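Student: Chains as they are written, first to last, in the working numbering: chain A, 1 to 369; chain B, 1 to 121; chain C, 1 to 216.
Be aware that a few hints might be false.
Claimed, not checked - Only pairs whose alpha carbons sit at most 30 Å apart, straight line, appear in this in silico DSSO-like list of lysine-lysine:
| # | chain 1 | residue 1 | chain 2 | residue 2 |
| --- | --- | --- | --- | --- |
| 1 | B | Lys87 | A | Lys115 |
| 2 | C | Lys59 | A | Lys40 |
| 3 | C | Lys167 | C | Lys59 |
| 4 | B | Lys87 | A | Lys68 |
| 5 | C | Lys46 | C | Lys59 |
| 6 | C | Lys108 | C | Lys81 |
| 7 | C | Lys210 | C | Lys197 |
| 8 | C | Lys149 | C | Lys118 |
| 9 | C | Lys75 | C | Lys210 |
| 10 | A | Lys40 | C | Lys46 |
| 11 | A | Lys68 | B | Lys34 |
| 12 | B | Lys87 | A | Lys72 |
| 13 | B | Lys34 | A | Lys72 |
| 14 | C | Lys79 | C | Lys149 |
| 15 | C | Lys75 | C | Lys209 |
What the hints assert, rightly or not - In silico negatives: residues of chain A with every beta carbon more than 10 Å from chain C:
| # | residue |
| --- | --- |
| 16 | Val29 |
| 17 | Trp109 |
| 18 | Phe269 |
Derived from the structure by calculation, the hints contain no laboratory data.
Since the structure is predicted, the reported quantities are computational estimates derived from the model, not experimental observations.
A virtual CB, placed ideally from N, CA and C, is assigned to each residue, including glycine.
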Amino acid sequence: MGTVIFPEWLNTIIRMVIPMGIILALAPVGMMYLTWLERKVIARIQDRVGPNRVGPYGLLQPLADGIKMLTKEDLVPEGADRLLHFLAPVLIVVPALFLFTLLPFGPGWVAAPLKTGLLFFVSIGSLGTLAIFMAGWGSRNKFSLLGAVRTAAQLIAYEVPLVLGLAVIPMITGTMDLGDIVLAQQGRWFITTPWGAAGFLILLTAGLAEVARTPFDLPEAESEIVAGFHTEYSGMKFALFYMAEFLSTLALAGLLSTLFLGGWWGPVFPGPLWMGLKTFLLICVMIWFRGTFPRFRMDQLMGFAWKVMLPVSLMNLLGAACWALIPGIGGDLMSLILVFGAFLITTQLWLAPKPQLTKKWSSRILEQP
Amino acid sequence: MSDRLIYFFLGLFGLAALVVPLLPIVLARFIAPKRPGPVKEQPYECGMEVEGDAWVQFRMHYYVFAILFVIFDVEALFLFPWAVIFKQAGIAGLWAIGIFVGVLLLGWVYAWQEGALEWEQ
Amino acid sequence: MRIYGIELLRGLTITLGHFVTSYTAGLRRTFSNRQRGAFRQNPSDKGVFTVQYPEERLKPPERFRVLPVLIYDGKEEEKWKTETERCTACGICAKVCPPQCIWIVQGKDASTGKPVAKASEFFIDVDVCMNCGFCAEFCPFDAIKMDHKFELGSGERDKSHIFDIDKLHVSTEYYAQTHPKAWGEEQARNKAAADKKAAAAAAAALAAKKPPETAP
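Here chain A stands alone, though its shape is the one from the complex (with noise of 0.2 Å):
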């Protein structure tokens, strides 16, 4: 019995379609579990036991929830633009899953090794933005208008240090391809550099806010404006957006640890499991986030995007030129002080009170009586 040998086009077929059956038959149930992981450790943060009724652990909740979604009657306001009201859902969870596709989870496990695989991460990412405002217009709802409009404001802000974050990588690596970027951590994971710890911080942030959770998620802030964007989706509809939040979180944890976490490196166990593992360490540090930080206020949500994060991710560049052509130590202070001073300096600038500033002696002599 000798080797089956596929004739070259089943082969390239077969490559192409094993990994697109994985990401898509694999992400929604990440999602699912995802939600019942944040539910039990904000409930653990919270003192309280979380779902634990469906199942042991509560580990099918998630079905049940599913179950519940699925026999939920899908309402559609009168005068909505029907049309828009259908796309956004869809429209929102494909670019989503189009992440998973440019990961790298091992050496050569990636289903689509583009040259510009960070380009291309961040142009579909942002393609999110159009479905949410989507939703927000083809609902015909005043708080659903305003909660794609504050979307749109929000993730155009972060957009900006988000890009600007990346672009340390190709310049230390000199490459845009995922893959290789990896591999370029395999001596020293970029976290531990000082421009790499800064742009990790900075990524965080901003990714954060991209993917809209807390302290971010103004776009669906209960409090003011119902639940944003989504507030006249019901049923199967309202999963989606849901589920396309949790594969965007998903996704930016799997380029966090990818960037700057030294993606499938790491001692004894195999390359896989160390990129899922420090993907779930990263999901714990922002449910860890959402269990702790209350939501920012619109105007501090855009201060801080322009007046802070957009400085010290232009420093942070800075700082790693500085660190790439000054060798040694001098060049890791160097990238410290700047990223740091820019912090302090902008956030100074931003929030410390204003001095009053004196009246001029003319108008103190004009107002005595």
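Got chain A; can you put chains B and C on it based on the hints?
Tutor: Frame of chain A, contents of chains B and C only:
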């Protein structure tokens, strides 16, 4: 896989990925009850009577932000090619991009001190 | 000048602390011999405070009050009898009841047809009762008391939510269990009254036996 094949794959993936959202929606269409009513289909306004239309003109609070976004996104677009060849370009490249970013940052400082970055005027 | 962002880290440590102690406290509880659920009432206790209600129940505080019950002297197993029943059908409870949910019919002697001091029928409409406890407050015979049974849900409300005299009666044994403090006070009060009465009777007997000092 060659680049062309990858893009072909991504296109195929996009089509296949449509199944993930469409399948549950179609399933729900068969399973879920459908009992529409005039009150049910009103836009949600916290239980109040619906007041006016949502599709009205309103003050776009932040077109300045949109302009700033375009500026800095284009800047990022220029930054990426430079970033990829940063090591080869060396100090000269750093100066060039530094001047480019510096000019934009001047504009950003101007926008800040003019109050364009404030959400509430 | 303050450095912004430090307090965020402090906040993270607080939530992490809660997350971790919810597990460590739970572990300690599984090896502790304190009653399940008891440690969740103390504000200084740490860890998960959820009470898994149908499986775990907390003992309600003694003065918790839901629905009046009629008391008879005796054990829980015995059925109430007109001899052991305390109620005298005076109707004060029905008069003071603000939502007017008590309905009493005075009993009649079977042979003579004269009214007796016992209720032949006693109804309380559970849905109307507002658990104010006035009936128990005003009852001169300690015959009506507030109970602790709060699980009253049912699928039907026209018949099962009107409690009759059989359903309303509980024994003093049961009452002593649910209200140990109030029961003790009642016993002490009765004893004091009995002592006083005995003392007065003794004094009267003494006075009757002694001849008057000044003859008319």
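Student: Check the structure against each numbered hint from earlier and tell me which ones fail, lowest number first.
Tutor: 4, 9, 12, 15
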